[in-house]
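Asks: Please take these sequences and the hints and turn them into a complete structure.
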Amino acid sequence: MPTILQIETATQVCSVAIAVNGETIALKEQKASNIHASSLTCFIEDVMLQAGLKYQDLDAIAVSKGPGSYTGLRIGVATAKGLCFALDKPLIAINTLTLMANGYINAHPNFGGLICPMIDARRMEVYTAVYTNKLNFYEEVSAKIIDEKSFSLYLQNHFIAFIGDGAAKCQSVIDNVNAHFYDTDFNSAAHMSKLAEQAFEEKKFEDIAYFEPFYLKDFVATTPKKKV
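The numbering of the sequence shown is the working numbering, which starts it at 6 and goes up by one.
Do not rely on the hints blindly, as some may be mistaken.
Stated by the list, open to error - With a Cα cut of at most 35 Å, we get these calculated DSBU-like pairs of lysine-lysine:
no., residue 1, residue 2
1, 199, 174
2, 86, 209
3, 222, 139
4, 86, 222
5, 199, 209
6, 59, 149
7, 154, 59
8, 86, 149
9, 139, 86
10, 209, 36
11, 94, 174
12, 208, 86
13, 222, 208
14, 139, 36
15, 174, 59
16, 86, 154
17, 208, 174
18, 222, 94
19, 149, 174
20, 139, 199
Said to hold, decoys possible - Okay, the calculated beta carbon distance ranges per label pair:
no., residue 1, residue 2, range
21, 46, 6, 21 to 29 Å
22, 206, 87, 20 to 28 Å
23, 57, 178, 45 to 53 Å
24, 36, 64, 26 to 34 Å
25, 47, 112, 24 to 32 Å
26, 37, 57, 26 to 34 Å
27, 203, 178, 17 to 25 Å
28, 91, 208, 16 to 24 Å
29, 43, 173, 36 to 44 Å
30, 54, 137, 36 to 44 Å
31, 114, 76, 19 to 27 Å
32, 222, 141, 22 to 30 Å
33, 144, 55, 33 to 41 Å
34, 222, 189, 24 to 32 Å
Note that these hints are calculated values from the structure, not bench results. In this text the structure is predicted, and so the values were computed from the model without any measurement. Glycine residues also receive a C-beta, built at the ideal position from the N, C-alpha and C atoms.
Replies: This is the structure in structure tokens:
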């Protein structure tokens, strides 16, 4: 019956949960820009208090590994690795798009179509994948520039639920009766609970020393324009 601390910082949502035996027992989260560095450790303390646990009571730390925000992922993964080192606990990494799709399935257990989580990657690009209602990949993770032809072959025969902070900007471009868009982004650490428990039972642990987030694309630093 594993007790797992779960961290999700791949988007603007800063989310921390504790799960016991795959069930979420404590949750603290907020959606706002640039709050991960200042809020994450406070959120961890809050959920530990909510659950009435000490850090040594944890069996593992799970973290959303990406794709997503370069800075957010760095903060989340660095924090998770630091806790694992300090507590001598294993590290579990969960694909961010998978946990989003899992959140949608949890909210719509009778859903029979495909799920397409999208994370905003600026302009008309998104980090995305397509899942079945059994959480199997229908299309693998990729960075995709969205246009009117995107997903057209799938939409011929399937209802697709588009979710995440990248879905809203695609709604005006993907015009199809089988395309449905949802405001909820499902970027919550609570949606990691069953996934993290399964990984724990299967001993799918990361090498703490060498694990890096799944950025999908290299970070490109830009130089601010000089003021004239």
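Asks: A separate judgement is required for each hint: does it hold in the structure or not?
Replies: Hint check:
For the hint linking residue 199 to residue 174, the alpha-carbon distance of about 30 Å falls within 35 Å, and the restraint holds. Between residue 86 and residue 209 the CA atoms are separated by roughly 15 Å; this keeps the pair inside 35 Å, and the hint holds. Distance restraint check for residue 222 and residue 139: the Cα-Cα separation of roughly 27 Å lies within the 35 Å cut-off, and the hinted pair is therefore satisfied. Among the hinted pairs, residue 86 with residue 222 is consistent with the structure: their alpha-carbon atoms are about 22 Å apart, no more than 35 Å.
Distance restraint check for residue 199 and residue 209: the Cα-Cα separation of roughly 14 Å lies within the 35 Å cut-off, and the hinted pair is therefore satisfied. At most 35 Å may separate the alpha-carbon atoms for a hinted pair to count; residue 59 and residue 149 exceed this at roughly 42 Å. About 52 Å separates the Cα atoms of residue 154 and residue 59, which puts this hinted pair outside 35 Å; it is violated. For a cut-off of 35 Å, the pair hint linking residue 86 to residue 149 stands: about 30 Å separates their Cα positions.
Simply put, residue 139 and residue 86 have alpha-carbon atoms about 30 Å apart, close enough for the 35 Å limit, and the pair holds. At most 35 Å may separate the alpha-carbon atoms for a hinted pair to count; residue 209 and residue 36 meet this at roughly 29 Å. Between residue 94 and residue 174, the direct Cα distance comes to roughly 40 Å. Violation of the 35 Å bound is thereby established for this hinted pair. At most 35 Å may separate the alpha-carbon atoms for a hinted pair to count; residue 208 and residue 86 meet this at roughly 17 Å.
The suggested pairing of residue 222 with residue 208 holds, with an alpha-carbon distance near 28 Å, which does not exceed 35 Å. For a cut-off of 35 Å, the pair hint linking residue 139 to residue 36 stands: about 28 Å separates their Cα positions. For a cut-off of 35 Å, the pair hint linking residue 174 to residue 59 is broken: about 42 Å separates their Cα positions. For the suggested pair residue 86 and residue 154, the alpha carbons sit about 41 Å apart, so the restraint of at most 35 Å is broken.
The straight-line distance between the Cα atoms of residue 208 and residue 174 is roughly 38 Å, outside the 35 Å bound, and the hint therefore fails. Only pairs whose Cα atoms come within 35 Å are accepted, and residue 222 paired with residue 94 is accepted, the gap being roughly 29 Å. Distance restraint check for residue 149 and residue 174: the Cα-Cα separation of roughly 13 Å lies within the 35 Å cut-off, and the hinted pair is therefore satisfied. A hinted pair counts as satisfied when its Cα atoms are at most 35 Å apart, and residue 139 with residue 199 qualifies at roughly 13 Å.
Distance hint for residue 46 and residue 6: a CB-CB separation of about 26 Å, consistent with the stated range 21 to 29 Å. Distance hint check: the CB atoms of residue 206 and residue 87 are about 25 Å apart, consistent with the given range 20 to 28 Å. The hinted window of 45 to 53 Å between residue 57 and residue 178 holds, with their beta carbons roughly 48 Å apart. Range check, residue 36 to residue 64: Cβ separation about 28 Å, and the 26 to 34 Å hint holds.
A beta carbon spacing of about 27 Å between residue 47 and residue 112 agrees with the range 24 to 32 Å that was offered as a hint. Separation of residue 37 from residue 57 is about 28 Å and conforms to the stated range, judged on CB atoms against 26 to 34 Å. The hint said 17 to 25 Å for the Cβ distance between residue 203 and residue 178, and at roughly 35 Å that hint is violated. Taken as a hint, the range 16 to 24 Å holds for the pair residue 91 and residue 208, whose Cβ atoms sit roughly 21 Å apart.
Taking the beta carbon of each, residue 43 and residue 173 are about 26 Å apart, not inside 36 to 44 Å as hinted. Between residue 54 and residue 137, the C-beta spacing of about 38 Å keeps the proposed range 36 to 44 Å intact. For residue 114 paired with residue 76, a C-beta distance near 34 Å fails the hint of 19 to 27 Å. Distance hint check: the CB atoms of residue 222 and residue 141 are about 24 Å apart, consistent with the given range 22 to 30 Å.
Checked against the hint of 33 to 41 Å, the pair residue 144 and residue 55 passes, with Cβ atoms roughly 37 Å apart. For the pair residue 222 and residue 189, the beta carbons lie near 25 Å from each other, so the given range of 24 to 32 Å is met.
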